[in-house]
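**Q** Residue-level listing of the chains:
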Amino acid sequence: MEVDKVITLKNGKKYLLLLESELTLEGYYLAVLLDDNEEPTNTYTVLQEIEQNGKLYTKKINDALILNELLVDYRSQHEDMLEENKAA
Amino acid sequence: MVLLDKERNLIEERIQKIIEARETAPSERKIVIAGNIPVLEEHEKEMKVLKDMLKIIDNNFRQDHKTEYLDLRDVTKLPELNEKDRELYTSTDFQRKEELRKIETRMNGIATKYFSPTKPTSYQKASDGREINTGDIQEYENYLKMKDILYRGMDSNDYYEYFKLREKTRMVPMSEGQYEVLMGKTAPFPYEKSVVENKEEGLAVRSPEMSSPNEETSLATVQSNLEPDTNDHNYDDTESIIDVPNLNEQTPTKQNIPELPPHEEVEELEEVTKISLWDKIKKHKKAILIGLGLTAIAISAVVVITQLMPAIVAASQASQIAGLAGQMVSNGTAWWTATAGEQAALHGANTALANVISGMTGAASNYTASTGVWTIAGQALPQFLNTSIATATAAAGKVTLLQAGSALGIVGGLGSLGAGLIPSKDRKKSTKYYELNNSIEKLKSNIKSLNGNDQTKLVQSITNKIIEEDNISEKEREILFRKLRKLIKKSKMQNSMLDDKSVTQDKELTESLAELREQNSSNTILTEEDIVNIERENLDKKEAIDVDYTVLEETAIARSL
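One line per chain: the protein sequences are H and C, in this order. Just so it is clear: in the first sequence, position 76 is 76 by the numbering used here, and no numbers are missing. Just so it is clear: in the second sequence, position 545 is 545 by the numbering used here, and no numbers are missing.
For the record, the hints were derived by calculation from the structure and aren't laboratory data. There's no promise every hint is true.
Stated by the list, open to error - Below 25 Å or equal to it, Euclidean Cα-Cα: the simulated PhoX-like pairs (lysine-lysine) are: (1) C:K168 / C:K102; (2) C:K442 / H:K86; (3) H:K5 / C:K444; (4) C:K486 / H:K5; (5) C:K283 / C:K483; (6) C:K97 / C:K145.
Put together the whole structure using the sequences plus the hints.
**A** Shown next as structure tokens:
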């Protein structure tokens with residue numbers, strides 16, 4: 001899984017991966033749900049990338065404590081991005 | 001709730017007995033982990049079942065099928081229920097009574113805001129004659145309609161009428177299976193929530209002028225499906241919590257229950273069937289999407305932590321407020337490059353954040369449309385942010401949050417306890433980090449054009465630099481290794497599809513990297529400069545190399561020690 005890519009889950013839901021956490025050794029992605037026209041909705045989530053038996057899975061992270069940890073890293077990346085946008 | 005409280009006590013007592021059995025057992029007895037608790041092997045199944053039963057009780061006795069709870073209960077050694085109690089645990093009437101009780105609790109929560117010291121300033125008369133805060137009136141009216149349907153025995157032309165009304169409230173979401181139990185009849189067709197949501201709402205848009213009470217629901221959409229709202233502290237705890245299965249596992253049932261890291265539940269996983277490009281994304285659009293996402297997650301995290309751990313919240317609230325204010329400032333920055341629609345969405349996000357801050361502090365927040373300036377507690381937003389950061393910093397100095405966290409067995413450090421919500425103003429990475437990161441990015445963009453040997457050499461070079469660089473923190477080193485590992489892993493996946501020969505070469509490379517590890521910190525085998533002139537060529541099937549990234553991981557650990 002990679003940032004800026006769309007993943008399609010078995011249940012048909014599509015998510016655009018916006019940021020990846022660099023916080024831990026696990027891959028945590030800030031993702032936005034896409035609608036049928038592949039446009040972003042207002043539904044956001046954090047997805048954890050999990051590999052099992054050669055297949056790729058995601059798990060929705062609802063744990064507030066983990067989300068809280070991830071926020072620091074995501075915010076830092078977002079602020080860098082805003083600064084880059086400003087400079088451009 | 002008397003019945004369920006009694007049941008909870010029985011379960012907790014049984015859990016305690018199982019723990020005691022493990023503590024007093026001879027050392028040769030096999031111990032396993034069940035429900036995140038070490039237990040004797042013979043109690044493994046029962047412990048898992050007991051935890052599942054607690055989850056059902058915590059979720060307002062919602063069950064996926066009528067006898068789910070009783071089926072679980074039969075596996076345990078809890079005292080048997082009499083027939084009458086068994087009926088209560090299964091019957092639809094019982095479920096409906098519980099539902100009605102929850103609705104009334106919530107309605108009272110909204111209505112009693114009128115008497116709270118930080119009471120809202122604007123009220124409207126609801127259709128039952130009560131004076132209700134303007135911001136909550138739509139939700140309150142939904143509860144009235146839901147009560148009406150419950151009194152009618154769920155009789156409605158639209159099977160999902162109640163379900164739809166419920167989704168527009170801040171009650172814990174209900175699954176379709178649970179709704180079937182509540183309705184007492186099977187659904188005529190599946191409920192397509194996502195289609196309805198997207199068609200009706202789209203990207204949440206709210207301009208400053210859209211402040212009529214009927215549109216409060218659309219404002220709430222900015223908070224995403226991760227929400228609920230924090231403003232109503234009168235709600236009872238179990239009903240205000242969003243559905244967070246892992247947190248139930250992390251909340252100690254008794255103080256002396258040891259907590260272990262949560263294990264992965266296979267059934268929660270969703271398989272990824274396709275990964276594709278998304279060509280619509282633009283830089284500024286992405287920044288805005290991320291800003292909105294962070295807003296949603298920040299609110300969600302604050303809300304759940306607030307509700308689950310009031311003791312910790314008392315200490316960390318200042319940090320959380322600073323974090324939320326920081327997010328408002330970020331959204332404000334993004335506003336300048338946003339389109340009109342996005343600007344409205346960002347304003348909606350900031351309105352939601354301001355509401356949460358007001359709810360937490362009791363201070364009024366105000367937006368002046370003519371100047372575009374937010375004021376909170378009488379201060380302009382940037383000043384409020386500075387004040388709250390200063391307060392949070394002072395609070396963090398006084399309170400040993402980290403110790404409190406480890407005593408509770410909570411994952412992570414200060415971030416777990418709210419400090420993670422402090423804006424990352426002073427958390428910029430070092431210059432050296434960015435230089436090394438740049439090298440990895442360069443490798444990433446060129447890796448396909450390098451042959452296996454050159455890939456290896458370049459990876460070795462960057463690895464050496466990361467290991468030897470003294471001007472980066474251990475955290476930064478860890479991040480860089482993670483990036484490198486990920487890149488190698490990706491390259492490995494691509495190469496493994498090319499040729500079986502890669503296996504042999506993988507072994508050779510592993511050995512050579514192992515040698516490198518032994519020599520590291522004193523001998524740099526290759527510098528990045530040495531690599532610059534390496535001739536690039538197209539990836540040759542026969543030259544493909546499978547890099548063992550675990551070697552690098554071990555190297556990283558060795559360095560950090």
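**Q** Quick check: which numbered hints come out false for this structure?
**A** Violated hints: none at all, because every hint is consistent with the structure.
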